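Place chain B on chain A using the hints.
Protein chains: 2
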Amino acid sequence: MTKGKDHHYDADGTTCIGYLALPDGHGPFPGVLVSPAFAGLSDKERATCDRLAAQGYVALGVDYYANGTLAKDREEAAALMATLQSDRPLLASRLVAALTELRGLPQTQGQKLGAMGYCFGGKSILDLARVGADFAAGVILHGVYDAPSFPIQKMKANLLVCDGWDDGLCPPDAKVALAQELTDYCDDWQMLAFGGTGHAFTNPDATPSKGSGYSAKADARSWKALTDFFHAELHG
Amino acid sequence: MTKGKDHHYDADGTTCIGYLALPDGHGPFPGVLVSPAFAGLSDKERATCDRLAAQGYVALGVDYYANGTLAKDREEAAALMATLQSDRPLLASRLVAALTELRGLPQTQGQKLGAMGYCFGGKSILDLARVGADFAAGVILHGVYDAPSFPIQKMKANLLVCDGWDDGLCPPDAKVALAQELTDYCDDWQMLAFGGTGHAFTNPDATPSKGSGYSAKADARSWKALTDFFHAELHG
Numbered sequence: 001m002t003k004g005k006d007h008h009y010d011a012d013g014t015t016c017i018g019y020l021a022l023p024d025g026h027g028p029f030p031g032v033l034v035s036p037a038f039a040g041l042s043d044k045e046r047a048t049c050d051r052l053a054a055q056g057y058v059a060l061g062v063d064y065y066a067n068g069t070l071a072k073d074r075e076e077a078a079a080l081m082a083t084l085q086s087d088r089p090l091l092a093s094r095l096v097a098a099l100t101e102l103r104g105l106p107q108t109q110g111q112k113l114g115a116m117g118y119c120f121g122g123k124s125i126l127d128l129a130r131v132g133a134d135f136a137a138g139v140i141l142h143g144v145y146d147a148p149s150f151p152i153q154k155m156k157a158n159l160l161v162c163d164g165w166d167d168g169l170c171p172p173d174a175k176v177a178l179a180q181e182l183t184d185y186c187d188d189w190q191m192l193a194f195g196g197t198g199h200a201f202t203n204p205d206a207t208p209s210k211g212s213g214y215s216a217k218a219d220a221r222s223w224k225a226l227t228d229f230f231h232a233e234l235h236g
Numbered sequence: 001m002t003k004g005k006d007h008h009y010d011a012d013g014t015t016c017i018g019y020l021a022l023p024d025g026h027g028p029f030p031g032v033l034v035s036p037a038f039a040g041l042s043d044k045e046r047a048t049c050d051r052l053a054a055q056g057y058v059a060l061g062v063d064y065y066a067n068g069t070l071a072k073d074r075e076e077a078a079a080l081m082a083t084l085q086s087d088r089p090l091l092a093s094r095l096v097a098a099l100t101e102l103r104g105l106p107q108t109q110g111q112k113l114g115a116m117g118y119c120f121g122g123k124s125i126l127d128l129a130r131v132g133a134d135f136a137a138g139v140i141l142h143g144v145y146d147a148p149s150f151p152i153q154k155m156k157a158n159l160l161v162c163d164g165w166d167d168g169l170c171p172p173d174a175k176v177a178l179a180q181e182l183t184d185y186c187d188d189w190q191m192l193a194f195g196g197t198g199h200a201f202t203n204p205d206a207t208p209s210k211g212s213g214y215s216a217k218a219d220a221r222s223w224k225a226l227t228d229f230f231h232a233e234l235h236g
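Line by line, the protein sequences give chains A and B.
Residues 1 to 236 in our numbering are what the first sequence lists, from first letter to last.
Residues 1 to 236 in our numbering are what the second sequence lists, from first letter to last.
None of these hints come from the bench; they were simulated from the model.
It should be emphasised that the depicted structure is a prediction, and the values quoted were computed from it without experimental measurement.
Just so it is clear, CB atoms sit at the ideal spot from N, CA and C, and this is done for glycine as well.
Mixed in with the good hints there might be a few duds.
Here are the simulated DSS-like cross-link-like pairs (lysine-lysine), alpha carbons at most 27 Å apart as the crow flies [to be verified]: (1) B:Lys210 x A:Lys224; (2) B:Lys72 x A:Lys224; (3) A:Lys3 x A:Lys44; (4) B:Lys156 x A:Lys217; (5) A:Lys217 x B:Lys112; (6) B:Lys72 x A:Lys154; (7) A:Lys210 x B:Lys154; (8) B:Lys156 x A:Lys210; (9) A:Lys217 x B:Lys5; (10) B:Lys217 x A:Lys156; (11) B:Lys44 x A:Lys112; (12) A:Lys224 x B:Lys156; (13) A:Lys156 x B:Lys224; (14) B:Lys44 x B:Lys72; (15) B:Lys217 x A:Lys224; (16) A:Lys154 x B:Lys210; (17) B:Lys154 x B:Lys5; (18) B:Lys3 x B:Lys44; (19) A:Lys44 x A:Lys210; (20) A:Lys156 x B:Lys210; (21) A:Lys217 x B:Lys224; (22) A:Lys112 x B:Lys224.
A few chain B residues that don't get close to chain A, going by computed Cβ distances all over 10 Å [what the hints assert, rightly or not]: (23) Leu22; (24) Asp24; (25) Arg51; (26) Ala54; (27) Trp165; (28) Gly168; (29) Asn203; (30) Gly213.
Chain A extracted, bound-state conformation:
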């Protein structure tokens, strides 16, 4: 089913195994980073890359754990995530490396770049913006918003934040705190909250529980919001 391929790139001397999906036809094309949920780069994010490629974007799936690491269960994912959560500059540098790789591809030459991420990958997109990285548009899907250990820089990216109102990982006070942070550091941002919706609403395999679970409606609405946003921000 997938149309892309594994794509090796360097992050400060460490090999990352991303996933690169290319549109049909001749480019150059706008590019989009796809940063995975906390398990690491999986077939779910590869499928997102393929969907974006079908819409005319060069899509690079991010391997922020490096070496193609994919957790085999939630416990391993949590342990992996903890290592980067405790070293936010490293998380940011892994994203910067992926952005640099995407920018350097012949298929994106001179084009605008976007970035999107799910869950901990949503946090990674926020952190990419927070270090002042040069990209045009970022989308955070059921992300996590705690401020990083490093000083936040003026953001260059326009941001769209989509979350569920009932998401236990970004409760109302966290949403308000993020909005206040973005007010201070980001010139162009939007927050779209889905009522009656919890964490991981894009993931059909998410275990349903209070504050978490798949929502076909929120999944479809957020995908439309994301693709409309990238269409508006990454072309022309």
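Then chain B, alone, in the frame of chain A:
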């Protein structure tokens, strides 16, 4: 410029002078109420009706002050608004009357109905939902969220709430309170907040001040969100 016409309808024995804009072609068509900002039904809302008619909706501009009342300045508008603010059941009944009128038109027979409103008109759409009125989709643009004096009913309408993060009339605690209310009473709702944006962002004539003022970008984004929402909710 305008293509619609004044349209008289009854609200519990009081004459209202709304504005009716019809699509070209043969109906029936989905219908949309357009509830004005606090000055009353003006050419701005008539233009919105015309834009909606051009997209295939029967659009009825609401005269919630009745008798075609339009304030000549902000002071008069504030005084008019105060009368309905102090009688929220009357405001709701004026909206119910307009909805009943829209439903009874031959051009909307058997079709779904939506409702939208600006500022105090946004509040009127919330109150229409809060009395449990039967409509499919409501959009609130830079609205005001204080709870009504009447008991809130289970809402039938799906709602989209668009506001500016910096709007002094719906600060963060008011947004959170509305979201909590909707969590309790509405099965399908979304809130879209625009960063760096204040009250009245759709109004090119709004006096710029802290927490208020026109935003071409938020105006365009909210119009797209509104029309996409009505397209999704009012067809089929």
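Here's how the hints hold up against the structure:
1. B:Lys210 x A:Lys224: Status violated; Cα separation ~32 Å.
2. B:Lys72 x A:Lys224: At roughly 41 Å apart (the allowed maximum being 27 Å), Lys224 (chain A) and Lys72 (chain B) break the hint.
3. A:Lys3 x A:Lys44: Cα-Cα ~13 Å, so holds.
4. B:Lys156 x A:Lys217: holds (17 Å)
5. A:Lys217 x B:Lys112: holds (20 Å)
6. B:Lys72 x A:Lys154: violated (44 Å)
7. A:Lys210 x B:Lys154: holds (22 Å)
8. B:Lys156 x A:Lys210: holds (24 Å)
9. A:Lys217 x B:Lys5: violated (38 Å)
10. B:Lys217 x A:Lys156: holds (17 Å)
11. B:Lys44 x A:Lys112: Answer violated: Lys44 (chain B) to Lys112 (chain A) is near 36 Å, above 27 Å.
12. A:Lys224 x B:Lys156: holds (24 Å)
13. A:Lys156 x B:Lys224: Holds. Lys156 (chain A) to Lys224 (chain B) sits at ~24 Å (cutoff 27 Å).
14. B:Lys44 x B:Lys72: At roughly 14 Å apart (the allowed maximum being 27 Å), Lys72 (chain B) and Lys44 (chain B) satisfy the hint.
15. B:Lys217 x A:Lys224: holds (19 Å)
16. A:Lys154 x B:Lys210: With Cα atoms ~22 Å apart, Lys154 (chain A) and Lys210 (chain B) stay inside 27 Å; holds.
17. B:Lys154 x B:Lys5: Violated, at roughly 34 Å.
18. B:Lys3 x B:Lys44: holds (13 Å)
19. A:Lys44 x A:Lys210: holds (23 Å)
20. A:Lys156 x B:Lys210: holds (24 Å)
21. A:Lys217 x B:Lys224: holds (19 Å)
22. A:Lys112 x B:Lys224: holds (23 Å)
23. Leu22: At about 29 Å from chain A, Leu22 (chain B) clears the 10 Å cut-off, so the statement holds.
24. Asp24: holds (27 Å)
25. Arg51: At roughly 19 Å from the nearest Cβ of chain A, Arg51 (chain B) sits farther out than 10 Å, so the non-interface label holds.
26. Ala54: Nearest chain A Cβ is 21 Å from Ala54 (chain B), so the label holds.
27. Trp165: Contrary to the label, Trp165 (chain B) does not stay out of reach of chain A, its closest Cβ about 5 Å off (not over 10 Å).
28. Gly168: Answer for Gly168 (chain B): holds, closest chain A Cβ roughly 14 Å.
29. Asn203: holds (19 Å)
30. Gly213: holds (15 Å)
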